[in-house]
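A.B. asks: One letter stands for each residue in the lines below.
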Amino acid sequence: MAKKPLGPVRRAFSPWDDPSEQPFIEFRNITKRFGNFVAVDNLSLKIYKREFHALLGGSGCGKTTLMRMLAGFEAPTEGQIFLEGQDLAGVPPYKRPVNMMFQSYALFPHMNVEKNIAFGLEMDGLPAREIKSRVHEMLSLVKLEGFAKRKPHQLSGGQRQRVALARSLAKRPKVLLLDEPLAALDKKLREETQLELINLQEQLRMTFLIVTHDQEEAMTVADRISVMDKGRILQNATPGEIYEQPNSRFVAEFIGDINVLDGQVTKKENEDVQMFSSVLGDHLDVRYPTPASVGDHAALAIRPEKMRISFDKPAHPGTNAIQGEVWDIAYMGDVSIYHIKVAETETLRAIVANTTRLVERPITWEDQVWLSWDSDAGVILTR
Amino acid sequence: MTDPSLSSTGITRSETVPAPRYQPEAPENAPTNPKGGWGRFAFICVPYLWLLLFFLVPFVIVAKISLSEAAVSIPPYLPVIDWSRGLAGLWEAAERWSLDNYIWLTEDALYWQAYVSSLQIAFLSTLLTLLVGFPIAYGMARAPRSWHPTLVMMVILPFWTSFLIRVYAWIGILKSDGLLNQTLITIGIIDEPLVILNTSIAVYIGIIYSYLPFMVLPLYSSLEKLDTTLIEAAEDLGCPPWKTFWRVTVPLALPGMIAGCFLVFIPAVGEFVIPDLLGGSSTLMIGKTLWVEFFSNRDWPVASAVAIVLLVLLIIPITLFQRHETRRNEGDV
Numbered sequence: 001m002a003k004k005p006l007g008p009v010r011r012a013f014s015p016w017d018d019p020s021e022q023p024f025i026e027f028r029n030i031t032k033r034f035g036n037f038v039a040v041d042n043l044s045l046k047i048y049k050r051e052f053h054a055l056l057g058g059s060g061c062g063k064t065t066l067m068r069m070l071a072g073f074e075a076p077t078e079g080q081i082f083l084e085g086q087d088l089a090g091v092p093p094y095k096r097p098v099n100m101m102f103q104s105y106a107l108f109p110h111m112n113v114e115k116n117i118a119f120g121l122e123m124d125g126l127p128a129r130e131i132k133s134r135v136h137e138m139l140s141l142v143k144l145e146g147f148a149k150r151k152p153h154q155l156s157g158g159q160r161q162r163v164a165l166a167r168s169l170a171k172r173p174k175v176l177l178l179d180e181p182l183a184a185l186d187k188k189l190r191e192e193t194q195l196e197l198i199n200l201q202e203q204l205r206m207t208f209l210i211v212t213h214d215q216e217e218a219m220t221v222a223d224r225i226s227v228m229d230k231g232r233i234l235q236n237a238t239p240g241e242i243y244e245q246p247n248s249r250f251v252a253e254f255i256g257d258i259n260v261l262d263g264q265v266t267k268k269e270n271e272d273v274q275m276f277s278s279v280l281g282d283h284l285d286v287r288y289p290t291p292a293s294v295g296d297h298a299a300l301a302i303r304p305e306k307m308r309i310s311f312d313k314p315a316h317p318g319t320n321a322i323q324g325e326v327w328d329i330a331y332m333g334d335v336s337i338y339h340i341k342v343a344e345t346e347t348l349r350a351i352v353a354n355t356t357r358l359v360e361r362p363i364t365w366e367d368q369v370w371l372s373w374d375s376d377a378g379v380i381l382t383r
Numbered sequence: 001m002t003d004p005s006l007s008s009t010g011i012t013r014s015e016t017v018p019a020p021r022y023q024p025e026a027p028e029n030a031p032t033n034p035k036g037g038w039g040r041f042a043f044i045c046v047p048y049l050w051l052l053l054f055f056l057v058p059f060v061i062v063a064k065i066s067l068s069e070a071a072v073s074i075p076p077y078l079p080v081i082d083w084s085r086g087l088a089g090l091w092e093a094a095e096r097w098s099l100d101n102y103i104w105l106t107e108d109a110l111y112w113q114a115y116v117s118s119l120q121i122a123f124l125s126t127l128l129t130l131l132v133g134f135p136i137a138y139g140m141a142r143a144p145r146s147w148h149p150t151l152v153m154m155v156i157l158p159f160w161t162s163f164l165i166r167v168y169a170w171i172g173i174l175k176s177d178g179l180l181n182q183t184l185i186t187i188g189i190i191d192e193p194l195v196i197l198n199t200s201i202a203v204y205i206g207i208i209y210s211y212l213p214f215m216v217l218p219l220y221s222s223l224e225k226l227d228t229t230l231i232e233a234a235e236d237l238g239c240p241p242w243k244t245f246w247r248v249t250v251p252l253a254l255p256g257m258i259a260g261c262f263l264v265f266i267p268a269v270g271e272f273v274i275p276d277l278l279g280g281s282s283t284l285m286i287g288k289t290l291w292v293e294f295f296s297n298r299d300w301p302v303a304s305a306v307a308i309v310l311l312v313l314l315i316i317p318i319t320l321f322q323r324h325e326t327r328r329n330e331g332d333v
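Sequence lines, in order, name chains A and B. Residues 1 to 383 in UniProt numbering are what the first sequence lists, from first letter to last. Residues 1 to 333 in UniProt numbering are what the second sequence lists, from first letter to last.
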């Protein structure tokens with residue numbers, strides 16, 4: 001599924017590119033129906049050992065159902081799930097070597113922090129001394145040493161989140177499942193915790209599967225992201241590939257902001273493609289490997305930060321330039337987003353970094369400007 | 001969470017900032033509006049006045065009668081306080097109060113047997129009601145959400161018929177040629193009719209049947225609140241379902257279980273109608289003894305003493321238990 005990267009990309013960890021590598025978790029042709037509703041639709045996915053994999057999608061896309069099937073709370077209607085090559089069908093949740101961190105944390109309110117963390121270890125029948133040392137180890141891992149005797153209701157949201165994490169890690173599961181683990185935290189704490197999660201995963205050398213609707217979170221923590229919609233995986237690739245080479249309009253628009261121009265392929269020579277946009281009434285040059293052939297309808301998608309605006313027409317060859325009027329400016333502090341009206345029905349966005357400390361920007365409302373981008377900045381989307 | 005008394009001074013408590021030490025509530029040291037203070041006082045007063053008027057005053061009257069002496073008069077006890085003589089009348093009456101009735105209770109084994117037997121019957125039937133009620137409440141709480149109002153309605157439905165009539169109906173079911181025996185004989189399970197009516201078994205059946213809603217409703221309300229992800233979390237951590245039941249479901253349903261047990265146990269100890277109608281003469285219960293003393297023997301002082309002892313027997317363990325519970329919830333052992 002993953003496309004060959006355009007240029008040389010250095011990756012330290014990419015078992016999915018190695019054909020001899022066995023998947024650690026494999027979903028094979030999984031379908032899950034609830035009555036008439038198809039939550040997961042003939043989905044296959046391979047996750048490798050020590051991978052941090054994210055299932056990303058809006059609500060109702062089937063990501064949580066997929067995770068719950070791995071945990072054993074739901075049984076697939078069709079298909080099989082393998083963990084280390086072993087079919088998990090019929091294995092109850094309490095016998096699966098995976099642990100889950102719940103979105104609501106699901107801490108036992110009648111037990112203190114220590115008892116919560118020890119719960120799974122007691123179930124394994126570990127000797128009391130071992131349990132004690134393991135609980136201590138977990139508490140120091142999540143930096144909650146002084147809180148062993150507190151009850152969950154005496155902790156803040158962030159502390160509860162860390163207890164839940166410690167509890168799900170205490171049994172050293174083969175896979176840690178994280179169901180929207182940071183959704184209840186405020187932005188700052190969430191960003192901190194994302195980095196902690198990455199460190200933890202590297203430190204423990206475990207396989208993590210996270211379910212999230214937050215694309216920034218998925219991009220930050222994951223080695224690979226599966227973008228899901230309507231029970232299917234639209235694209236499974238590294239954050240960079242998902243962002244720079246989305247394979248569909250849905251993925252392109254779901255991750256970040258993007259300008260999409262509908263058009264028709266008029267010329268094609270290997271990767272050099274020319275497209276005609278009827279809304280702009282102009283031909284545009286693109287360098288992108290695409291299966292589309294001359295005459296096909298396709299969309300050209302360009303990220304706003306890859307667009308430039310200027311008063312003079314840029315003279316570089318291989319640069320697309322169209323004229324427009326500054327319609328709106330959104331000043332975000334670090335960057336400004338310029339909305340450029342390029343046709344009666346089309347407004348494109350360009351992001352410009354505010355590199356100087358000037359309150360008055362040279363380009364302002366109603367200015368006539370040139371909007372330009374390089375031919376290799378855009379992506380051709382055929383679906 | 002922002003405490004209004006603190007926000008005026010510019011201090012707000014935020015959930016995300018970990019407090020160095022746990023404080024159950026923000027200190028209420030801000031000056032209160034005197035007008036609001038009176039309103040609040042009046043509001044709190046209403047239930048206390050109610051209790052004073054309809055619990056404490058009758059209790060004092062009963063306690064006073066229990067210290068008197070029986071007499072053939074109206075009312076049937078001596079001395080009666082002569083209020084026309086003011087405090088002197090009260091003093092004269094008080095001088096003649098005695099603990100004779102209480103001593104009498106200890107001398108006649110009948111009373112102690114009745115108390116012990118009442119506590120025994122109440123204890124066992126509370127336990128049985130819990131055993132019957134728990135699966136019902138659990139089933140209700142786990143049923144699809146849209147069924148809940150109907151299920152609760154079905155539990156409450158028997159209250160729409162008079163309690164007395166429902167107990168009478170059990171006579172028709174349990175007697176030797178009643179519904180139960182006839183059915184069992186027809187299907188061929190038994191040849192001889194079972195003797196249930198006028199035995200303690202009939203009393204147990206009657207108590208369990210009558211008090212079941214009082215057990216089911218509080219249990220249902222605490223089981224219904226139970227977050228099912230906790231059950232999933234327990235199973236996820238390697239806890240098989242039956243163990244999850246004991247380690248998670250039961251501890252979290254404990255408040256409902258305790259409330260239900262009190263609601264069944266307390267009235268069952270003093271129950272009169274059920275042992276009288278279903279238990280026959282062989283079942284000894286303190287409610288019946290009380291009734292006999294009051295209406296047949298017309299010995300109001302002894303009857304009052306019986307009632308006071310019953311009250312003390314019930315109040316002491318309940319108070320101790322509640323104090324323990326409060327401490328457990330606050331102290332977080």
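Check before you lean on any hint, since a few could be wrong.
Covered by chain B, according to a simulated footprint, are these stretches of chain A (three or more residues, beta-carbon under 8 Å) [unchecked claim]:
| # | region |
| --- | --- |
| 1 | 99-106 |
| 2 | 296-309 |
| 3 | 328-342 |
Below are the DSBU-like pairs computed for lysine-lysine, each with C-alpha atoms no more than 35 Å apart in a straight line [claimed, not checked]:
| # | chain 1 | residue 1 | chain 2 | residue 2 |
| --- | --- | --- | --- | --- |
| 4 | A | LYS46 | B | LYS243 |
| 5 | A | LYS149 | A | LYS174 |
| 6 | A | LYS95 | A | LYS49 |
| 7 | A | LYS149 | B | LYS243 |
| 8 | B | LYS225 | A | LYS151 |
| 9 | A | LYS49 | B | LYS225 |
From the derived model, a few chain B residues whose C-beta atoms are all more than 10 Å from chain A [stated by the list, open to error]:
| # | residue |
| --- | --- |
| 10 | PHE43 |
| 11 | VAL57 |
| 12 | PRO241 |
In case anyone wonders, no lab produced these hints; they're calculated from the structure. Ideal placement from N, C-alpha and C gives every residue a C-beta, glycine not left out.
A.B. asks: Does each hint fit the structure? Answer for all of them.
C.D. replies: Status of each hint after checking the structure:
no., hint, in the structure
1, 99-106, "holds (count 5)"
2, 296-309, "violated (count 0)"
3, 328-342, "violated (count 0)"
4, A:LYS46 / B:LYS243, "holds, 34 Å"
5, A:LYS149 / A:LYS174, "holds, 28 Å"
6, A:LYS95 / A:LYS49, "holds, 20 Å"
7, A:LYS149 / B:LYS243, "holds, 24 Å"
8, B:LYS225 / A:LYS151, "holds, 19 Å"
9, A:LYS49 / B:LYS225, "violated, 39 Å"
10, PHE43, "holds, 28 Å"
11, VAL57, "holds, 41 Å"
12, PRO241, "violated, 8 Å"
When each numbered hint is compared with the structure, violations occur for hints 2, 3, 9, 12.
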